[in-house]
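Enquirer: Residues per chain, in single letters:
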Amino acid sequence: MPSDLLKLAGVHTRIGQYHILHGVELAVPRGELTMLLGRNGAGKTTCLRTIMGLWRASSGAIELEGRDISKLDTPAVASLGIGYVPESMGIFAGLTVRENLLLAARNGPLDEARLDWIFRYFAALKKFWHLPAGNLSGGQKQMLAISRAIVEPRKLVLVDEPTKGLAPSIINNLIAAFAELKKTDTTILMVEQNFHAARSLGDSVAVMDSGRIVHAGRMAELAADAALQNRLLGLSLEAHQ
Amino acid sequence: MRTLLSGDLPRSRMLSFLLAAIFFCLALAPFLFPGTRSLDVAARVCVFILLVASYDLLLGYTGIVSFAHTMFFGIGGYGVGIAIARLSPSWSAVAVGTAAALLASLALSLVIGLFSLRVKAIFFAMITLAVASFFAILASQLSGLTGGEDGLTFRVPELLRTRIAAYYVVFVASLALFLALLRVVNSPFGRVLLAIRENDFRAEALGYRTVTYRTIANSLGALVATLAGVLYALWLRYTGPNTTLDFAIMIDILLMVVIGGMGTMYGAVIGATLFVVAQNYLQDGMKVLSAALQGIPLLPDLFHPDRWLLWLGVLFVISVYYFPTGVVGYLRRR
Amino acid sequence: MKAGRFDLIPVALVAVVTLGALGLIRTPSTWVTLTVAGLAMGLLIFIMASGLTLVFGLMDVLNFAHGIFIALGAYVAASAMKAFGGGLAALAPAMLGAMLAAGALGLLFERVIIRPVYGQHLKQILITTGGLIVAEQLIHVVWGPDLLPLERPEALRGALLFGDVALERYRLAAVLVGLAIFAAMALTLNRTRLGLLIRAGVENREMVEAMGYRVRRLFVGVFAAGCALAGLGGALWGMYQEAVTVQIGAQMMVLIFIVVIIGGLGSVTGCFIGALLVGLMANYVGYLSPKIALGSNILLMVLVLLWRPRGLYPVGKS
Chain A
622 MPSDLLKLAG
632 VHTRIGQYHI
642 LHGVELAVPR
652 GELTMLLGRN
662 GAGKTTCLRT
672 IMGLWRASSG
682 AIELEGRDIS
692 KLDTPAVASL
702 GIGYVPESMG
712 IFAGLTVREN
722 LLLAARNGPL
732 DEARLDWIFR
742 YFAALKKFWH
752 LPAGNLSGGQ
762 KQMLAISRAI
772 VEPRKLVLVD
782 EPTKGLAPSI
792 INNLIAAFAE
802 LKKTDTTILM
812 VEQNFHAARS
822 LGDSVAVMDS
832 GRIVHAGRMA
842 ELAADAALQN
852 RLLGLSLEAH
862 Q
Chain B
225 MRTLLSGDLP
235 RSRMLSFLLA
245 AIFFCLALAP
255 FLFPGTRSLD
265 VAARVCVFIL
275 LVASYDLLLG
285 YTGIVSFAHT
295 MFFGIGGYGV
305 GIAIARLSPS
315 WSAVAVGTAA
325 ALLASLALSL
335 VIGLFSLRVK
345 AIFFAMITLA
355 VASFFAILAS
365 QLSGLTGGED
375 GLTFRVPELL
385 RTRIAAYYVV
395 FVASLALFLA
405 LLRVVNSPFG
415 RVLLAIREND
425 FRAEALGYRT
435 VTYRTIANSL
445 GALVATLAGV
455 LYALWLRYTG
465 PNTTLDFAIM
475 IDILLMVVIG
485 GMGTMYGAVI
495 GATLFVVAQN
505 YLQDGMKVLS
515 AALQGIPLLP
525 DLFHPDRWLL
535 WLGVLFVISV
545 YYFPTGVVGY
555 LRRR
Chain C
4 MKAGRFDLIP
14 VALVAVVTLG
24 ALGLIRTPST
34 WVTLTVAGLA
44 MGLLIFIMAS
54 GLTLVFGLMD
64 VLNFAHGIFI
74 ALGAYVAASA
84 MKAFGGGLAA
94 LAPAMLGAML
104 AAGALGLLFE
114 RVIIRPVYGQ
124 HLKQILITTG
134 GLIVAEQLIH
144 VVWGPDLLPL
154 ERPEALRGAL
164 LFGDVALERY
174 RLAAVLVGLA
184 IFAAMALTLN
194 RTRLGLLIRA
204 GVENREMVEA
214 MGYRVRRLFV
224 GVFAAGCALA
234 GLGGALWGMY
244 QEAVTVQIGA
254 QMMVLIFIVV
264 IIGGLGSVTG
274 CFIGALLVGL
284 MANYVGYLSP
294 KIALGSNILL
304 MVLVLLWRPR
314 GLYPVGKS
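Here the protein sequences come in this chain order: A, B and C. If you read the first sequence in the numbering used here, its first letter stands for residue 622, the second for the next number, and so on. If you read the second sequence in the numbering used here, its first letter stands for residue 225, the second for the next number, and so on. If you read the third sequence in the numbering used here, its first letter stands for residue 4, the second for the next number, and so on.
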């Protein structure tokens, strides 16, 4: 579809002798938040890493605005305007919060307006501005990781399980921040296991199982169909509040 | 023949021919190549085949790079040297010295293994380098015991005083130990080592405690190196820092095992033969070449007999890139 | 390397060693001489080792041939000093020449020897050792196997007298140069974007690439700079010894490895403190009990590892 920012077609990824992605077909519409759901080991993280070029797709096409990026190396992919928040967050513990953000702002000095926005939702970052990021708590690190991905305008932001291991209050904080971010016309592809977050934020949804996309559609439809949820994910969105 | 070689056949006609030729030459060396120098070369080949094979156990089969191998070689030499010097040139002294050396090597290798085999390969390599240097310094400092820089010259038991008899002792012992190593690497133990080398995560996941296997391999290699040291000292009737502990020897071992072929055992045979023969005879050839190139700038220096290591070094680098399986691997693939 | 609560314990360790030595040596004048010698030696080792630790931290590459850049620097400096008359004026071209030659060889080395084996540790160790052999022999070809003298310029000979204490001019100069280089490195790492990139890359290379930076390219630059520093260190050390042999690199490599391990692979601060400790130990123990001098440093390494298995200032790898 012409309004798709990112499109994966027939993507296979092999790591060593393990064949993880088996012909992934995924469309990420522009300006929306697409949720990538699935059980553990379904290949969601591998999907994101393949898009970023951290793992090479052995076959298939990955198109960003119509241009095939599957053969590009990671720095090239990132330079096209893709931000990445990995599951492990990738915080540079020895660098200060400020230095972490500075590094993420490749194209110039830190934008004041953006920083204000970030501080509004992630106040802790202001408090720890000149302190090593290693001192931050888990939730604060996640805030920093997300902030890094959006400190400059990006075409696409890939987020891998942002709510993992966080307290409910912090999760709500994150959800609010993402909801606000959606208004800025940033396209987001998010992997999540927390269904409350998924349901609140997702516009479109894709479900993975064993390296394949087994369902794609609108989040609203999936949220309304308990039987479908059960079949795809083994439990209902309701039960996971 | 199969059982003798523990099922590890050469698997290549050319290789079998080479190995047979080398075996033949070594077995009949006193008669084929009379003369003290050639017999000396043959004995060195025997010792180094054994030493390099023991290193192959570590490098080729377990994937450990250690720079401390010459230390164990030296312990063997010094063990028997000190024992004879202190006691008497008798077989009992040899036995005592060998036993003491083996014990020392076992203890050291276990300590090194358990302490550093848990860490990354590079860390381990650096630590072995530090330990080996320490030992070398120790050997030259404790001159009362070890003869310092000059080493120890000593007399050997009756039987070994005739060159030919001594040679055959070295030859038979080296052969026996080499075949023993072949047995080890072709046993279930050896197969686990190979699995660990390929992918230690997987091996660990399959239930093999890699640290244990690595430590045993490390110690086994050390022990055989020690015995090689004993043989060498008995042959030379001398032991000293420059025949055993010199870092140059460690480099030589690396060259031999890589060029010959890592992880094959037979690579040690090919590599050691190639190297020791080159060390002794190539230089003559280079002298001729160098003289012929007189007048051209730089070239005579490049081919100066003292620079033979340069060419072997180049061969080594090329081997690591293009022939990671060495001569043996190359011959097997043809 | 900076800000927050800086871990001062290792720094305290240096003070402890220094003061402890005073207790053992008793004569203050000897102690001062030894301390200056120890600091000079330590700082020179730091110059030689800093490149190695950064290269390892950044790209997981251990260059066993590092010693050859030290040797090359020393040889080039020896030739240059001779060519330019051996006085103070010859120092600049000698040192610059050493750095340029070592840096250039470093670029070549990275391209030919190291690049093909990224990520394969075993092959790296083997190939850099091979490179070491070949380079060492080539040095013999160019400069011959004999010892080359490397004399200090007139102005840096002799010693300054402070009452009872004689401090060699050259050693003082070495201390100043060493501190200047450390300061320059600290500034670059902490206040420039380049430094930021290096520090982040040492911690988590993959994430830096995912932020759009070409770490490979950065690595080549850091590698060459590290080699150039090694060359400078070699030149300065050769002048300290007043003679140059090919062994000069190999001799230092054991100490350098000890320093890098003690400091923590990838940490420049760790390397600095480690180098000071090693230099001081070598000189103090060399005076008190020469036989165990090298042994004492190995012992130091073991003790530090038992206390902090990843070195004094471990660099967090995410």
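No lab work stands behind these hints: they were computed from the structure. Check before you lean on any hint, since a few could be wrong.
Claimed, not checked - Sample of chain C residues with no beta-carbon within 12 Å of chain A, all distances over it, derived:
| hint | residue |
| --- | --- |
| 1 | A176 |
| 2 | R196 |
| 3 | G269 |
What the hints assert, rightly or not - With a straight-line cut-off of 25 Å between C-alpha atoms, the simulated SDA-like cross-links for lysine to any residue are:
| hint | chain 1 | residue 1 | chain 2 | residue 2 |
| --- | --- | --- | --- | --- |
| 4 | C | K126 | C | L192 |
| 5 | B | K511 | C | K126 |
| 6 | B | K344 | C | G122 |
| 7 | B | K511 | C | D149 |
| 8 | C | K294 | B | L362 |
| 9 | C | K126 | A | E733 |
| 10 | A | K748 | C | R194 |
| 11 | B | K344 | C | R194 |
| 12 | A | K748 | A | E733 |
| 13 | A | K692 | C | L192 |
| 14 | A | K747 | A | L787 |
| 15 | C | K294 | B | D374 |
| 16 | C | K126 | B | D374 |
| 17 | A | K692 | C | R118 |
| 18 | B | K344 | C | T195 |
| 19 | A | K803 | A | K692 |
| 20 | A | K692 | C | A189 |
| 21 | A | K785 | A | S821 |
| 22 | C | K126 | B | D470 |
| 23 | A | K804 | A | A841 |
| 24 | A | K747 | C | T195 |
| 25 | A | K692 | C | R194 |
| 26 | C | K294 | B | A331 |
| 27 | C | K126 | B | V416 |
| 28 | A | K692 | C | T195 |
| 29 | A | K747 | C | L192 |
| 30 | B | K344 | C | H124 |
No experiment lies behind these values; they were computed from the predicted model shown. Idealized CB from N, CA, C, for every residue including glycine.
Enquirer: State for each hint whether it applies.
Expert: Now the hints, each set against the structure:
no., hint, verdict
1, A176, "33 Å, holds"
2, R196, "8 Å, violated"
3, G269, "10 Å, violated"
4, K126/C / L192/C, "30 Å, violated"
5, K511/B / K126/C, "33 Å, violated"
6, K344/B / G122/C, "13 Å, holds"
7, K511/B / D149/C, "19 Å, holds"
8, K294/C / L362/B, "8 Å, holds"
9, K126/C / E733/A, "49 Å, violated"
10, K748/A / R194/C, "21 Å, holds"
11, K344/B / R194/C, "32 Å, violated"
12, K748/A / E733/A, "16 Å, holds"
13, K692/A / L192/C, "33 Å, violated"
14, K747/A / L787/A, "20 Å, holds"
15, K294/C / D374/B, "17 Å, holds"
16, K126/C / D374/B, "36 Å, violated"
17, K692/A / R118/C, "20 Å, holds"
18, K344/B / T195/C, "32 Å, violated"
19, K803/A / K692/A, "29 Å, violated"
20, K692/A / A189/C, "38 Å, violated"
21, K785/A / S821/A, "16 Å, holds"
22, K126/C / D470/B, "23 Å, holds"
23, K804/A / A841/A, "18 Å, holds"
24, K747/A / T195/C, "22 Å, holds"
25, K692/A / R194/C, "35 Å, violated"
26, K294/C / A331/B, "24 Å, holds"
27, K126/C / V416/B, "21 Å, holds"
28, K692/A / T195/C, "32 Å, violated"
29, K747/A / L192/C, "23 Å, holds"
30, K344/B / H124/C, "9 Å, holds"
Hints 2, 3, 4, 5, 9, 11, 13, 16, 18, 19, 20, 25 and 28, counting from the list given before, are not met by this structure.
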